[in-house]
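Engineer: Starting from the structure of chain A, add chain B where the hints point.
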Amino acid sequence: MKSKHLSIIAKKEFRGLLSERTILLAVLLQLFIALFSSFLMVGLTSMYDPSSLSKYSHYRYSVAYAGNDSGVLTYLRSSPDFRVYTMDLSTAVTALGQRKLAAVIYVPDTGPAGSDPVKITLYTLENDLQSAIVDVKLKDIFLKYEGDLRQIRAARLDVTPVPLQVPSSGGGGFYEFVYGLLIPLLVFMPAIIASALVIDLITEEYQHETLETLVSTPISFAEMVWGKVLACEILVPIQAGAWLILLSLNHIAIQNLAMILLQVTVTSLILILLGALVALHYRERTAAQFVYSTGLVVVILFALAIPSNPLNLLARLAVGTAGPEQWLVLGVTAIIVVLLGYLTHWYAERVSEHRHTG
Amino acid sequence: MGALTDIMTIAKWEVKKSFTMMSRDVLPIAIALFILLVIVTGYTAQTGLHLQDGMYRVGVDDPQIASLISGDARFTVYQLDAPTLEANRNAFDVIVVRGNATGLGTDKANSALQTLSRDYGKYVNSVYNTETDLFAAYPLWIDTEGVKSELSFLATQSGQYVSAAPGRVAPVPSGPVVQIPTPSPTLPISEDDLRAQLVQSNAQNSQISRYTSALTTTTTMGNFKTPAELSPPLPFDSIILVFVFIFPLYFTSQFFMMSIMNERIERKGEILLSTPVKASSVILGKMLPYFIGMLAICAGLTLYLKAPPEIMLPLIPVIFFFLANALLIGMLSRSFKELSFISIFFSTVATSYLFFPSIFANVHVISLISPLTLIVLSIQGTAWTATDYLYSTSLFWLTGAVLFFIAARNFKEERLFSEKPLMTRAREFLSEILPESHPFLALSLVSGFSIPFVFMVQMMCLVLFFNLPLPYSLIFLLLFAALIEEFAKGVGIYTLFSRDPGFFTWKNLVLASAATAIGFLVAEKLLLFVTLAQISDSVFGSILFLSLGSLWLPLLLHFAGVLIVACSLKLGGKKWFVPGLLIAMTVHCIYNLYILGWL
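Quick note, the sequences are listed as chains A and B, same order. Numbering (the numbering used here) for the first sequence: 1 to 358. Numbering (the numbering used here) for the second sequence: 1001 to 1599.
Source of the hints: derived by calculation from the structure; they are not laboratory data. Some hints could be false.
[Claimed, not checked] Computed list of lysine-lysine pairs in DSSO-like fashion (alpha-carbon distance at most 27 Å, straight line):
id: 1; chain 1: A; residue 1: K144; chain 2: B; residue 2: K1122
id: 2; chain 1: B; residue 1: K1148; chain 2: A; residue 2: K139
id: 3; chain 1: A; residue 1: K119; chain 2: A; residue 2: K100
id: 4; chain 1: B; residue 1: K1148; chain 2: A; residue 2: K119
[As the list claims (entries may be wrong)] If you want a taste of the chain A side facing chain B, the calculated C-beta under 8 Å gives, among others:
id: 5; residue: L25
id: 6; residue: L197
id: 7; residue: A287
[To be verified] Per label pair, the in silico range of CB-to-CB distance:
id: 8; chain 1: B; residue 1: L1313; chain 2: A; residue 2: T74; range: 50 to 60 Å
id: 9; chain 1: A; residue 1: L28; chain 2: B; residue 2: G1048; range: 34 to 44 Å
id: 10; chain 1: A; residue 1: P80; chain 2: B; residue 2: T1387; range: 41 to 51 Å
id: 11; chain 1: A; residue 1: W346; chain 2: B; residue 2: T1020; range: 24 to 34 Å
id: 12; chain 1: B; residue 1: L1441; chain 2: A; residue 2: P218; range: 58 to 68 Å
id: 13; chain 1: B; residue 1: F1251; chain 2: A; residue 2: T210; range: 23 to 33 Å
id: 14; chain 1: B; residue 1: P1579; chain 2: A; residue 2: L28; range: 14 to 24 Å
From the three backbone atoms N, C-alpha and C, an ideal C-beta is built for every residue, glycine too.
Excised from the complex, chain A in its bound form:
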């Protein structure tokens, strides 16, 4: 195999990509998703962690309190989030229906030390973003009151949990989403695109019947396959790097940049070689892409089920907690790449022999 031949093929593919300018669409897609990140922050973060919603509202809500006096009323009065009115229940609920209140709380006269639980009735508006936020804020107050009641009834407990005081950190839900999900997926996306691309490049030669011309040159069939793999492989660190830069521009600090790129580059070779094998076998895009993408889902799901998988390693590298096991993961990945590489080479040579004899 001559490196000169490889680079000829790789260059040819790059020229094709550049002249079609469709690679621009991939760039546009990156920008599009980057643009959506403002949406991701609010929409998806709240989905991932609903309690983060409460951070987005700074407003004093009117709530009505009905029924007997209790610790809840005291907490509500001292809370900066609420303005409380003691009201008659029916009047309050009617006012709530007219959106003059955000919530109505009814507390019965169950004794704090009694054997029955205290059952508070909470009236909120249906289908309303505001009541979602009010729920989150009221939850804090109810939790405090629950703590008080537990204290009063503590003598009746058989077992008490191991005490642990965790200070409220005031945030952080976004962190886990960005570093634990967004970064691994975004950085890995170029690998998936590249492996789909290699299928296109190989099946195109078959379906456009340009293979004969290529094989008549001194470039061997295996060299042609490797050239295409190379072209796709080079795209991966470039695209992944672009992602990392975009994320940094969004003030998301990422550690171990070089190691992340190395890891993605090596792992993507697995996918690209798998794609090449499938394409060599089927020689037809519809079938190859179908089998490959189904297979890809299986492979990724399986990988995620294994501890210390490459995607997990990406997350750990980004937050800076990857230990020496990162080299082990890299090593195992590299071994798989070498095995797949041999398989692809052998298969490509077999295919070309068939062409010569048959």
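Structural biologist: Then chain B, alone, in the frame of chain A:
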């Protein structure tokens, strides 16, 4: 009748062709992969996803707490004595010394503390669940009652707070007070049932079950919750819905795209074109099997999920839209690479458009711009009306139909087998529907038919900018809405100009601009009155659809916008298209600000 038989014949060909191609050795592998997929999904569900393992380092001095924390794979736990921990403070995100957790103060440490406190809460619950006296461990229960708002959604639409500003005296409801029965002070459910519920809800893996349990609602307990269980009622099932319903559709439309592409490779489709069958029949015939297939997939999924059958109704326009786009993408792209890139791009954008609004299904009327929201509503058991259906699907029907028309007009030899760059081809496709005999009428129609697309893109912007703080969301919306409209109006002129620059004498230029402006305005009005009245009442709507008021001013505005673009084309040539657009956008924005009274 002749056309119908043609369509059926072509459809039969298509099915036969794809089966002979697929069955070679794809089918056995596909079955094997599917079985593997089921096995792997089961395995993954059992072991959990190991994506966030070992993100945080925690140092603990107490073995009991150490074993408690190490139950969560996100933590790497180091058990050391207190002095060692204090000395190596910076090596850990969080240290726990004598029952007190302290963080390092970084974002990561804060996040670790939050996760830790959630884990601890779960552990505490698991201890309390087993208490003999359940009401000593859980002394407080909340009964949540939803109250239907008497006011419409209009108030919340503008993104403003609905309740009146809090005053010194309690608010007084207008009209008669509806008597509410005093809630009973006791729980109507036995202690054992409550305990069972607590155990069950604590056992759920909160990350995954929150999504998967959405479709199989099993709340036996009614509305009774402990304070810790109070959470905002956002419809998390929309994630699942997107993956379950949209992905198979996307997958199948890929096959259609490929089938169209295959006709074009090495001119294989030439035979088809040489038959006396009309282009529209060929297209419909080729599409029919995929359409039926997608319907069948959706029906199967609906049956499998035991979802209400009416969720098929909003899916049909989505299928139609996907197929129309697949057809055009298959006709436009020159190579497989291009096909891949364009289809990935399209599917991401389309999925965002479908998916993101539906997150707000319970919250905001904006969510209705996505047909998926109707599905979410159906599954929840909330009724929707025919108006809602029209509102959320009309854009899909209209854009799909326009794309089909363009494709049918261009389904002929010189378009299918040309090798020109993508942009040139797109322009040629447009040029095909601009007949030379009636250029002004055609311009009117093209700009009129661009309206559904303009609305779609503007809707997308609305969703996108809706989450920014209020002044910024309006500013961005203002700029983008203007740019999109000017672009849509300019495209027809640009296409004509590239075909025949000589056509644009000054007189023709004015006439062409007027024709475009009229077409745009008429279509805009029509579509607005049919569908979008709900949105156009809000602050956002007033920016998007300013023209609802008088007729002359918007007509003049549209005319001025097109004229600016046309003049810059005539004076500066094709490279002045973009600068012309920008100038037109500025004029458009200034007009909008003036009408809104902000200037």
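Engineer: Give a verdict on every hint.
Structural biologist: These are the hints, each one checked on the structure:
1. A:K144 to B:K1122: Distance of about 17 Å is within 27 Å: holds.
2. B:K1148 to A:K139: holds, 21 Å
3. A:K119 to A:K100: The given pair, whose Cα atoms are some 25 Å apart, holds under the 27 Å limit.
4. B:K1148 to A:K119: holds, 22 Å
5. L25: holds, 4 Å
6. L197: Result: holds, 6 Å to nearest chain B Cβ.
7. A287: Holds - the Cβ of A287 of chain A comes within 8 Å of chain B, reaching about 5 Å at its closest.
8. B:L1313 to A:T74: 50 to 60 Å: Distance hint for L1313 of chain B, T74 of chain A holds at roughly 52 Å.
9. A:L28 to B:G1048: 34 to 44 Å: holds, 36 Å
10. A:P80 to B:T1387: 41 to 51 Å: holds, 42 Å
11. A:W346 to B:T1020: 24 to 34 Å: Given a distance of about 30 Å, which is inside 24 to 34 Å, the answer is holds.
12. B:L1441 to A:P218: 58 to 68 Å: Between L1441 of chain B and P218 of chain A, where Cβ atoms are some 60 Å apart, the hint holds.
13. B:F1251 to A:T210: 23 to 33 Å: Check passed, 28 Å falls within 23 to 33 Å.
14. B:P1579 to A:L28: 14 to 24 Å: holds, 21 Å
Comparing the model with each numbered hint stated earlier shows that all of them hold.
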